[in-house]
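**Q** Residues per chain are reported as follows:
There are 2 protein chains.
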Amino acid sequence: MGNILLYDTTLRDGTQAEDISFQVEDKVRIAKRLDELGIDYIEGGWPGSNPKDITFFQAIKKETLTTSKIAAFGSTRRARITPAEDNNIQMLIEAAPDTVTIFGKTWDFHVREALRISLEENLELINDSLVYLKERVGEVIYDAEHFFDGYKSNPEYALQSLQAAAAADVDCIVLCDTNGGTLPHEFPVIMAAVQKAISTPLGIHAHNDNGCAIANSLMAVHLGATHVQGTLNGFGERCGNADLCSIIPALNLKMGKECLGAGRLATLRSASRYIYELANLTPNKHQPYVGNSAFAHKGGVHVSAIERHPETYEHIRPEAVGNRTRILISDLSGRANILAKAEECGIELDSKDPVTLEILEDIKDMENQGFQFEGAEASFELLMLKSMGKLKQYFSVTAFRVIDTLRESDKAPVSEATIRVKVGGKVEHTAADGNGPVNALDFAMRKALVNFYPQIADVKLLDYKVRVLPANQGTDSVIRVLVESGDHDQRWGTVGVSTNVIDASYQALADALIYKLYKDNH
Amino acid sequence: MGNILLYDTTLRDGTQAEDISFQVEDKVRIAKRLDELGIDYIEGGWPGSNPKDITFFQAIKKETLTTSKIAAFGSTRRARITPAEDNNIQMLIEAAPDTVTIFGKTWDFHVREALRISLEENLELINDSLVYLKERVGEVIYDAEHFFDGYKSNPEYALQSLQAAAAADVDCIVLCDTNGGTLPHEFPVIMAAVQKAISTPLGIHAHNDNGCAIANSLMAVHLGATHVQGTLNGFGERCGNADLCSIIPALNLKMGKECLGAGRLATLRSASRYIYELANLTPNKHQPYVGNSAFAHKGGVHVSAIERHPETYEHIRPEAVGNRTRILISDLSGRANILAKAEECGIELDSKDPVTLEILEDIKDMENQGFQFEGAEASFELLMLKSMGKLKQYFSVTAFRVIDTLRESDKAPVSEATIRVKVGGKVEHTAADGNGPVNALDFAMRKALVNFYPQIADVKLLDYKVRVLPANQGTDSVIRVLVESGDHDQRWGTVGVSTNVIDASYQALADALIYKLYKDNH
Numbered sequence: 001m002g003n004i005l006l007y008d009t010t011l012r013d014g015t016q017a018e019d020i021s022f023q024v025e026d027k028v029r030i031a032k033r034l035d036e037l038g039i040d041y042i043e044g045g046w047p048g049s050n051p052k053d054i055t056f057f058q059a060i061k062k063e064t065l066t067t068s069k070i071a072a073f074g075s076t077r078r079a080r081i082t083p084a085e086d087n088n089i090q091m092l093i094e095a096a097p098d099t100v101t102i103f104g105k106t107w108d109f110h111v112r113e114a115l116r117i118s119l120e121e122n123l124e125l126i127n128d129s130l131v132y133l134k135e136r137v138g139e140v141i142y143d144a145e146h147f148f149d150g151y152k153s154n155p156e157y158a159l160q161s162l163q164a165a166a167a168a169d170v171d172c173i174v175l176c177d178t179n180g181g182t183l184p185h186e187f188p189v190i191m192a193a194v195q196k197a198i199s200t201p202l203g204i205h206a207h208n209d210n211g212c213a214i215a216n217s218l219m220a221v222h223l224g225a226t227h228v229q230g231t232l233n234g235f236g237e238r239c240g241n242a243d244l245c246s247i248i249p250a251l252n253l254k255m256g257k258e259c260l261g262a263g264r265l266a267t268l269r270s271a272s273r274y275i276y277e278l279a280n281l282t283p284n285k286h287q288p289y290v291g292n293s294a295f296a297h298k299g300g301v302h303v304s305a306i307e308r309h310p311e312t313y314e315h316i317r318p319e320a321v322g323n324r325t326r327i328l329i330s331d332l333s334g335r336a337n338i339l340a341k342a343e344e345c346g347i348e349l350d351s352k353d354p355v356t357l358e359i360l361e362d363i364k365d366m367e368n369q370g371f372q373f374e375g376a377e378a379s380f381e382l383l384m385l386k387s388m389g390k391l392k393q394y395f396s397v398t399a400f401r402v403i404d405t406l407r408e409s410d411k412a413p414v415s416e417a418t419i420r421v422k423v424g425g426k427v428e429h430t431a432a433d434g435n436g437p438v439n440a441l442d443f444a445m446r447k448a449l450v451n452f453y454p455q456i457a458d459v460k461l462l463d464y465k466v467r468v469l470p471a472n473q474g475t476d477s478v479i480r481v482l483v484e485s486g487d488h489d490q491r492w493g494t495v496g497v498s499t500n501v502i503d504a505s506y507q508a509l510a511d512a513l514i515y516k517l518y519k520d521n522h
Numbered sequence: 001m002g003n004i005l006l007y008d009t010t011l012r013d014g015t016q017a018e019d020i021s022f023q024v025e026d027k028v029r030i031a032k033r034l035d036e037l038g039i040d041y042i043e044g045g046w047p048g049s050n051p052k053d054i055t056f057f058q059a060i061k062k063e064t065l066t067t068s069k070i071a072a073f074g075s076t077r078r079a080r081i082t083p084a085e086d087n088n089i090q091m092l093i094e095a096a097p098d099t100v101t102i103f104g105k106t107w108d109f110h111v112r113e114a115l116r117i118s119l120e121e122n123l124e125l126i127n128d129s130l131v132y133l134k135e136r137v138g139e140v141i142y143d144a145e146h147f148f149d150g151y152k153s154n155p156e157y158a159l160q161s162l163q164a165a166a167a168a169d170v171d172c173i174v175l176c177d178t179n180g181g182t183l184p185h186e187f188p189v190i191m192a193a194v195q196k197a198i199s200t201p202l203g204i205h206a207h208n209d210n211g212c213a214i215a216n217s218l219m220a221v222h223l224g225a226t227h228v229q230g231t232l233n234g235f236g237e238r239c240g241n242a243d244l245c246s247i248i249p250a251l252n253l254k255m256g257k258e259c260l261g262a263g264r265l266a267t268l269r270s271a272s273r274y275i276y277e278l279a280n281l282t283p284n285k286h287q288p289y290v291g292n293s294a295f296a297h298k299g300g301v302h303v304s305a306i307e308r309h310p311e312t313y314e315h316i317r318p319e320a321v322g323n324r325t326r327i328l329i330s331d332l333s334g335r336a337n338i339l340a341k342a343e344e345c346g347i348e349l350d351s352k353d354p355v356t357l358e359i360l361e362d363i364k365d366m367e368n369q370g371f372q373f374e375g376a377e378a379s380f381e382l383l384m385l386k387s388m389g390k391l392k393q394y395f396s397v398t399a400f401r402v403i404d405t406l407r408e409s410d411k412a413p414v415s416e417a418t419i420r421v422k423v424g425g426k427v428e429h430t431a432a433d434g435n436g437p438v439n440a441l442d443f444a445m446r447k448a449l450v451n452f453y454p455q456i457a458d459v460k461l462l463d464y465k466v467r468v469l470p471a472n473q474g475t476d477s478v479i480r481v482l483v484e485s486g487d488h489d490q491r492w493g494t495v496g497v498s499t500n501v502i503d504a505s506y507q508a509l510a511d512a513l514i515y516k517l518y519k520d521n522h
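Taken in sequence, the protein lines are chains A and B.
Numbering-wise, the first sequence is residues 1 to 522 according to the UniProt record's numbering.
Numbering-wise, the second sequence is residues 1 to 522 according to the UniProt record's numbering.
Watch out, some of these pointers could steer you wrong.
Since copy identity is lost for identical chains, a pair holds within one copy or between any two.
Said to hold, decoys possible - Lysine to aspartate or glutamate pairs mimicking EDC-like chemistry, simulated, CA-CA at most 20 Å apart: (1) 390 <-> 361; (2) 465 <-> 35; (3) 152 <-> 311; (4) 392 <-> 186; (5) 285 <-> 343.
Honestly, the hints are just simulated from the structure, not real lab data.
Source: prediction; values computed, not measured.
Please model the entire structure based on the sequences and the hints provided.
**A** Structure (structure tokens):
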């Protein structure tokens with residue numbers, strides 16, 4: 001049982017990702033959440049390269065963190081000046097973080113081509129930058145940039161550069177796979193050589209360019225590293241940094257390593273979600289441990305086994321990381337899936353009840369028509385409720401019309417929908433414009449219903465997908481529409497199928513609203 | 001230098017993914033593309049579990065594959081019957097594939113809890129199922145389900161189960177990490193024990209539940225496995241299967257292993273894209289090797305280094321896998337692509353011609369709007385021709401209207417389109433019904449044009465895809481429509497983008513007809 005220090009660089013290396021840009025307020029909110037999660041170090045930015053980052057270091061001082069230390073990032077001094085003359089280094093000290101991390105060059109090729117100085121001079125500036133900082137800052141970490149490529153190019157020199165850092169008595173030396181090209185089987189030999197050359201505690205900083213960042217990080221820990229750098233959700237340049245959302249549970253649950261505090265691992269999924277939200281990115285369904293699909297089961301054989309013994313097809317208990325088992329409904333599914341799904345929705349269904357078999361038949365029939373209930377669990381739930389006679393008729397649409405018009409002078413067509421809806425004997429007949437026919441129909445339907453059901457105003461259309469299913473020869477193609485809707489506390493998916501895209505969309509939209517009304521009632 | 005056999009299970013294990021469902025036609029198209037890529041084995045499905053899969057094995061026989069063998073998947077026989085009496089096994093033989101792969105139980109816990117038979121009986125049914133198949137099928141592969149978990153629970157029994165398979169003289173024994181929970185550092189000891197127990201060639205089948213599927217696959221090869229199972233893009237249940245798009249280049253470029261044929265590695269990215277398209281999924285930007293961001297550089301320091309020496313921040317040359325370096329601030333690398341594309345279409349374009357730069361600007365502008373020309377090469381070609389002044393105005397649509405009506409007595413809405421088209425001074429004003437607004441508009445447009453251009457009658461709409469692109473805050477979502485059309489000798493793709501789905505569809509449909517007229521002229 002050893003203790004591993006977690007170093008999160010979502011706020012620095014994470015923002016190098018193509019699609020990520022955080023405001024200072026976002027960075028402060030993320031830092032507070034990482035602190036709650038129990039991360040040991042939060043790298044807040046590079047004060048010498050980015051004015052936004054200076055503001056962050058000022059702002060974070062006003063917050064009370066209970067666990068995390070704040071680290072500032074920078075580089076070794078420039079050539080031919082002293083650390084005291086180096087603006088970059090001075091700004092690190094001014095930022096007044098708990099910890100300073102600077103990177104230096106390990107790879108002889110980079111020393112010659114990027115720094116354009118002698119190998120000897122590089123060793124000097126690594127050492128004196130670190131000595132200078134170590135005298136002025138409580139804790140100093142050294143990131144050996146391109147360590148693995150450097151070692152492969154010139155092992156003696158790469159190790160000398162680590163020794164130059166070790167001689168400055170730094171608190172940790174981090175081996176960086178900056179280009180992300182190293183494979184796990186290369187670690188044992190390289191780590192052994194490092195451990196022979198220096199006795200400073202070692203860290204790992206892996207990038208995911210070959211899809212091995214998580215594995216490489218865990219391999220380094222297995223071989224003795226005690227400090228792991230990464231980002232939540234693996235955000236980072238190119239293919240991303242090592243994903244702490246996978247590393248943390250593996251360390252805790254599989255390798256017997258202590259990290260985070262007691263009871264905090266179960267908040268991992270919600271922390272992951274929170275950061276996706278602030279980054280305005282859709283979470284990766286298939287993300288290990290924390291993704292929506294991470295414990296989702298489709299095959300009938302798997303499902304009946306899972307019900308009896310979850311460990312048959314789950315490598316950990318999903319609850320350990322705040323996730324849950326999900327049973328998917330598809331053409332591969334059997335009766336066990338239906339029962340499991342019903343239970344999940346809080347619907348009592350007896351395996352001997354003929355209605356179970358009826359639902360199964362209905363589903364097979366609908367799947368043959370082109371329905372698909374994965375991603376449309378709300379439609380599935382409505383289907384079950386309807387079969388069991390437990391679904392109220394909230395409204396009925398008796399007529400609608402959608403008109404799209406393009407005239408000579410228009411840049412794009414204009415869409416208008418009219419609709420006639422009946423609710424408890426009352427008829428509402430109304431109209432709305434929209435961006436395209438589906439949008440117009442959606443608006444008109446809500447407008448017609450909102451006077452009867454004000455909560456309809458909370459529902460948002462979040463995603464809309466259309467798939468044309470290949471037709472048999474001589475027949476019309478079938479169109480499947482998947483709609484994702486949400487309100488302030490939930491998201492749900494619905495589906496419609498028809499040869500007519502408007503009809504399929506209408507079915508999915510209507511289901512989305514019915515589901516909202518049903519769930520608010522129960 | 002060794003030879004590694006690649007075994008793709010996109011069509012079987014890949015379809016276990018939550019969001020994937022392929023029609024038989026899709027499966028045939030994917031198999032053909034995997035064959036072109038140079039994959040050794042294509043696992044087409046499980047004939048005993050799914051009627052759709054039987055149809056696939058019939059359909060694929062009509063195609064000529066140049067590289068790949070087709071494998072059918074199934075399980076060992078059931079208890080208390082002979083292989084000859086086992087329906088599952090008989091259907092494998094009836095499917096008449098080149099290779100049969102069956103899985104059996106390795107984990108004592110599963111034998112007791114799932115099969116509910118004795119450990120001894122399980123060894124018998126592994127052996128006699130394989131012996132029976134080996135006598136009737138050219139090549140037999142054995143998937144040892146849950147091998148790693150089984151080994152950890154009861155190493156002696158796990159190895160005995162492999163020996164039962166080896167005694168049947170199977171062609172390959174595949175160690176499966178079915179639950180995806182194994183870590184790379186566990187491989188050396190386990191693989192050594194296997195290699196001591198049996199001498200059959202070994203394969204690896206890894207799942208990504210701990211984010212290590214790629215690493216585990218490569219680790220197994222490093223330790224002597226010669227057969228790797230995975231899926232393109234890592235499609236698969238829960239967190240996916242091992243992604244062949246990362247494994248293949250690592251084997252080829254980093255581990256000195258032969259796989260695919262000469263020159264085919266550079267088609268990896270386009271194969272990856274093709275399969276995303278057929279699955280109607282958005283490609284993962286950050287996917288190693290083949291993702292759009294895999295070689296995208298944001299930081300200023302990196303960019304200037306990259307310009308001089310790409311190896312400073314790129315672990316491989318992106319061109320090796322058909323990808324490219326992208327500089328996110330000033331993207332000039334596109335010019336070469338444009339020239340290459342023009343050449344491919346038989347259009348003469350001079351790199352010094354200002355029109356090249358203009359096309360580049362147009363494309364950037366359109367890509368910012370949401371256009372995407374992968375899968376819409378006909379629209380791309382028309383764009384180039386238009387910029388060069390080489391595209392004739394075949395027709396202009398001056399107005400259209402589409403009306404969808406649902407009345408009380410209707411089962412589904414009725415769609416009608418009217419259109420006004422001008423061709424060489426003559427105006428045609430006509431109308432048509434259709435299944436949905438897009439279909440009606442398509443019919444009306446053809447009806448208006450066919451008197452001027454009779455060849456329009458040959459064009460068929462083969463596929464129609466709609467994707468909603470994420471909107472910026474406060475703006476409307478943008479919709480992208482991809483249309484695939486065909487005539488008796490060619491297929492082509494076109495694209496349209498708008499906030500209105502009818503407008504986007506109209507653009508793509510109009511391009512499809514213009515392209516037909518252009519190509520018949522040249």
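**Q** With 20 Å as the alpha-carbon cut-off, assign the pair residue 152 and residue 311 to within, between, both or neither.
**A** between (41 Å within a copy, 13 Å between copies)
**Q** Quick one: residue 392 to residue 186, C-alpha cut-off 20 Å, is that within a copy, between copies, both, or neither?
**A** neither (63 Å within a copy, 55 Å between copies)
**Q** When Cα atoms must be at most 20 Å apart, do residue 465 and residue 35 count as within-copy, between-copy, both, or neither?
**A** Result: close neither inside a copy nor across copies, 25 Å intra and 30 Å inter.
**Q** First find the shortest C-alpha distance between residue 390 and residue 361 inside one copy, then the shortest across copies, and answer within, between, both or neither for a cut-off of 20 Å.
**A** within (18 Å within a copy, 57 Å between copies)
**Q** Within a copy, between copies, both or neither: which one fits residue 285 and residue 343 at a CA-CA cutoff of 20 Å?
**A** neither (23 Å within a copy, 37 Å between copies)
Going through the hint list in order, the structure does not satisfy hints 2, 4, 5.
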